[in-house]
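4 protein chains.
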Amino acid sequence: MVGNTFGYLFRVTTWGESHGRAVGCVVDGCPAGLELSERDIQREVDRRRPKSAISTSRREKDEVIILSGIFEGKTLGTPISMLVYNKDVDSKPYEEIKHLFRPGHADYTYQAKFGLRDWRGGGRASGRETVARVMAGAIAKKILERFGMKVVGFAREICGVRCDVNPSDFDLDELSRLIESNPVRCPDGDVAKRMEEEILKARDEGDSVGGIAEVVARGVPAGLGEPVFMKLDAYIAFALMGVPAVKGVEIGAGFRVARMRGSECNDQIVLRDGRIRFETNNAGGILGGISNGEDIVVRVAIKPTPSISKPQKTVNWVDMVEDEIVVKGRHDPCIVPRAIPVLEAMVALVLVDCMMMQGLIPRFLG
Amino acid sequence: MVGNTFGYLFRVTTWGESHGRAVGCVVDGCPAGLELSERDIQREVDRRRPKSAISTSRREKDEVIILSGIFEGKTLGTPISMLVYNKDVDSKPYEEIKHLFRPGHADYTYQAKFGLRDWRGGGRASGRETVARVMAGAIAKKILERFGMKVVGFAREICGVRCDVNPSDFDLDELSRLIESNPVRCPDGDVAKRMEEEILKARDEGDSVGGIAEVVARGVPAGLGEPVFMKLDAYIAFALMGVPAVKGVEIGAGFRVARMRGSECNDQIVLRDGRIRFETNNAGGILGGISNGEDIVVRVAIKPTPSISKPQKTVNWVDMVEDEIVVKGRHDPCIVPRAIPVLEAMVALVLVDCMMMQGLIPRFLG
Amino acid sequence: MVGNTFGYLFRVTTWGESHGRAVGCVVDGCPAGLELSERDIQREVDRRRPKSAISTSRREKDEVIILSGIFEGKTLGTPISMLVYNKDVDSKPYEEIKHLFRPGHADYTYQAKFGLRDWRGGGRASGRETVARVMAGAIAKKILERFGMKVVGFAREICGVRCDVNPSDFDLDELSRLIESNPVRCPDGDVAKRMEEEILKARDEGDSVGGIAEVVARGVPAGLGEPVFMKLDAYIAFALMGVPAVKGVEIGAGFRVARMRGSECNDQIVLRDGRIRFETNNAGGILGGISNGEDIVVRVAIKPTPSISKPQKTVNWVDMVEDEIVVKGRHDPCIVPRAIPVLEAMVALVLVDCMMMQGLIPRFLG
Amino acid sequence: MVGNTFGYLFRVTTWGESHGRAVGCVVDGCPAGLELSERDIQREVDRRRPKSAISTSRREKDEVIILSGIFEGKTLGTPISMLVYNKDVDSKPYEEIKHLFRPGHADYTYQAKFGLRDWRGGGRASGRETVARVMAGAIAKKILERFGMKVVGFAREICGVRCDVNPSDFDLDELSRLIESNPVRCPDGDVAKRMEEEILKARDEGDSVGGIAEVVARGVPAGLGEPVFMKLDAYIAFALMGVPAVKGVEIGAGFRVARMRGSECNDQIVLRDGRIRFETNNAGGILGGISNGEDIVVRVAIKPTPSISKPQKTVNWVDMVEDEIVVKGRHDPCIVPRAIPVLEAMVALVLVDCMMMQGLIPRFLG
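Quick mapping for you: the protein sequence lines, in order, are chains U, B, A and P.
For the first sequence, counting from 1, position 187 maps to 187 in my numbering; every step adds exactly one.
For the second sequence, counting from 1, position 326 maps to 326 in my numbering; every step adds exactly one.
For the third sequence, counting from 1, position 97 maps to 97 in my numbering; every step adds exactly one.
For the fourth sequence, counting from 1, position 248 maps to 248 in my numbering; every step adds exactly one.
Only chain U is shown next, with the shape it has when bound in the complex:
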């Protein structure tokens, strides 16, 4: 249907099942003349790969291959087709439970929707699908960079352990460095350690944990977003709520506004260096669905990994009887750290698309 294409002018179509031959995407609408190589994509894809004790033991090189759209090191303005092959695939654990719907997973709903499903590794519903988002997002990020914009995400909270860092106190490159310096992607090293401990504790108990990720975009010009339906915040919410495991999205002060008064919530408008600015950023950089020039700040709630080794109730849909399931396979006990590059990618895709709709990116980046 229309489900696998994202974006209006900068458009990404993704494809691929977790245990199929490959996963990939086609990016249409990329401006011509952008210097782009497989290395640019690889860098972001590598960030998404599992890398420590807190991640799955599925280890794939995920080598990015670009098949079209680049000529002599530059984008042609034609579709960019990219893929990574699925190499370290082990479908055996799934074979055994293929008649059972895994709780917290999309097994039942895919079956209900399509009448059949690829039960190997979650098929299309697997988190592996997000590799393609990251590939496309890498291009988006490169374009944003040309226009002085940067998108950075981090773990705001994991398993109740909360990080109190205020991104607006940091240069984003510096923040980035801090975030990438530990496996949970939390900029506060001490907090990161405690998060990691909680994750490992849950894992050792055959369980998993949830958390909150925050994404900040800086350098975004005022004027992005298309009211009244494709508002910038609505578009971001669409982009992020569609990332696997996300159950909530909030902008700026988010759910805290529910307990505020108007006099507290309204960001006062001032002049700084001759430009319109806001004293606070409860709006998260968006007013009336349009960017106001301040940092875009968004947070998402990420549920605990549904694949746990504790026994759970389920149904055998072939025999239509109740049963019990123990999910094996290789899984991250916490999705937050590896979700962060995906969330950044989605925000970057939205921003490039909105920049184009606002007419701020030419067809040729000479």
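These aren't lab readings, by the way, just hints derived from the structure by calculation.
Only true hints are included.
The list cannot tell twin chains apart, which means a pair is met if one copy fits it or any two copies do.
Listed below are the simulated DSS-like cross-link pairs for lysine-lysine, each with C-alpha atoms no more than 30 Å apart in a straight line:
id: 1; residue 1: 61; residue 2: 87
id: 2; residue 1: 193; residue 2: 51
id: 3; residue 1: 98; residue 2: 74
id: 4; residue 1: 92; residue 2: 74
id: 5; residue 1: 74; residue 2: 328
id: 6; residue 1: 74; residue 2: 61
id: 7; residue 1: 74; residue 2: 87
id: 8; residue 1: 92; residue 2: 201
id: 9; residue 1: 74; residue 2: 150
id: 10; residue 1: 98; residue 2: 328
id: 11; residue 1: 193; residue 2: 61
id: 12; residue 1: 98; residue 2: 201
id: 13; residue 1: 328; residue 2: 92
This structure is a prediction, so every number in the text was calculated from the model and none was measured.
Fit chains B, A and P to the known structure of chain U by using the hints.
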């Protein structure tokens, strides 16, 4: 741009400024053969009208006029054009502050985006725009009713006063009756009274309050939603985050999942009456972006009305100097109650669209 | 469904049945800051009105009303809602034949598609629907004018009488003047007279005639069109084949290319005044689906008006028996002259949309 | 931009340059449960390959690889990613003329649009792009077959040699057999021979020839097409005018309607076997933009191959001086025969999409 059309197969295009001649919409893709009259639309529009001390004193009859798409009492399958005229309009209070950007409003961002703006009553960024959403939603609701589905919203929390009602304990018609029995639209009458008191207190202090609204959809078949981007939850988040004043959206357990473990968060799968069901509903009726047959449960955070009579800092953009503003005009001190029919409308639009994409609504409702 | 919206960035949604209350449209994506009044729209709508013996006797003032999107004489960048009321409506002749499908009309196919239809005056399938296209096209033309572009259509052939004028020999304003000086819209006055005679002759015999219209767009920059599917020629063909009664579309040399050799068909490339130009224009201004800077030249075949007073075979679909029909009502014996403003409008809509996609029209026309 | 995706519910996104690594496509919206293998796709791709003296000497195996969307021999309802590698590539002849714009080609217009271009073999503008259309069309054809529909194309005229066969006299399988029995794809063997002679004669003179292809779709139910803009004829015109080298599209009687009277052009409505039928088919199976149950009949004008070895005038765009060009490389002297599978594919894509929009194809083909 693309901003004023919502939906893929069931499509709504809205138009109109707050103090322009009228606001309205065109609904394209409505199945033929649906009995429909202006009364059906009027009923929902009336629910959105201000009606008590807690609302604006702008009082418009908002008489719905249908201009096309209906013949002999039935839809033709052609576009349905509808409007209400703007009658009780007073632009004077806006004239005085037209050079000042109102904090918390879209004045600055519209100016930044379009280079000019209709400063009368917020123009296109006014909440008045939502009348058109409600008109379209009324048609969507009528279609859903034909397929045994119902969408009901209520005030879950206002100004810190929280209602603990569990909608799954209620028949939705009964819940509806309770909700409509008080001006704040909270199903618990005692809580409703306390909410109202808080709203009036804030109003008397020249201030405003925020809150949380919840929307429940019942009777939704499993299988709706289009992964991997137009997932049902992503689509709902898109729809609701674009409603004026919404700063957060969560599905099912929402942000609470951040502190859950997998063993707690996963809804156990069981058989009831021979059908696949879930013991709990932390998923809010959606797994992998596809409905699972349980109630769709979604909550939104609504910020306090930005129009307050307390003095605020702002900038006069003609002279580019800092200034102070006191916002007059007629405003609701709390948006939650009147937002509820709008939120219901948006959820209904999403559900009809997803039903169509899933092939569950024929072109002719004979 | 998706049928009533045209355009990708400059989007028009039309609505209305021939004998309903009104017909109208919503234009979304119009840049802000464009000076626009009802007079601008009225001028084009008036060109579409019947005005002589060769036209229907249905005479409506067709007074254009703009309901939104304009403030202080300029576009706001928000949707522009426009309509004309249906005033001179006489449904009686249709009442008598409502159980008969009129040959050459969409009566049967609408019934087959939607299960019911508005039999009054053809309902949505009536040529009256094109008023809305002309209204939207008037805005598109005004935008094109700002960028030095002009779109002019004329009768190239009616009932076998052919006009040999070569538009490239004319200034388009001059050509326009000649075209508007006679009721058939043929730039050659003598040919126009013969065309008119043929039309009247057919009318007197209770019959109707077909013809060919040509549309020329000048000042179109090289680079418009979005390969490989939304090529400029493909987009124009889409736009024009959807105009009622059109059965063929050709670009440049069109069907004549079938009998050419490559050495004759290829337009030789030369330099004139330091710019790339083409010695001939068999390409009709489009190569590889992208404009090449020469005149866009397109022709459409228009079938004879299907409403004729000669007896025709048909079927009474209520009783499902064969029958005979004589179509009364008020009809143009030849559609070509009145179709021309509609065809121009469609080409103008395509060009504005492609200009926007190419990034050549800013969001604010300051 | 939006150029490389075709379709609304059944969506194809194509990618690839002529001398890049591969060409391919992603098909989104294919119903689940369809039996599909690489063989199904290969069969159609093979039909597009050059095979005789009248074709280019570029000979590629064009082996179809499916990367996703199939599981245990059936479609999953998820995106189907397919490709063929470019193997027999020789870019040398293009290197020599990379500073010259080839007349009749898109060299200049791509440069004007994108600021740079892949000059090897025409890059994205090459006819090689159409392999991806044929791959997607193969799936569409397989779906249509399930619903009793078939699409067949043939050479109606080449270089002035015209074939007078009336497809309605034939069973389409029989017609297909006749068409595939000769290299020009004309169902009349004698005419085919004369066409072939004309093609070879032109080739020997370093020239090329044009022609007319006709496509017939049978078994199409009444009711397809989405007025008023996405009418079936408009959609077909969009699909076919976007095929490389097409300069005209006509439906049914096409341009002949220009010289008809209404009494001749209107297809009389009759009952046959209790069903509504039409005595003639000047409408080409489409009335008011909606299919009427008769054969869909469409013809396109195809220009002579622009690559000819005769010297032509052109411009060296690096030095901006006039020059002369002789196009080498390997080219078909007539595009018509190899275009036919492409045209069929496009019509099939349109029909499947319209079937889906009309709700006639379920999400699961059990």
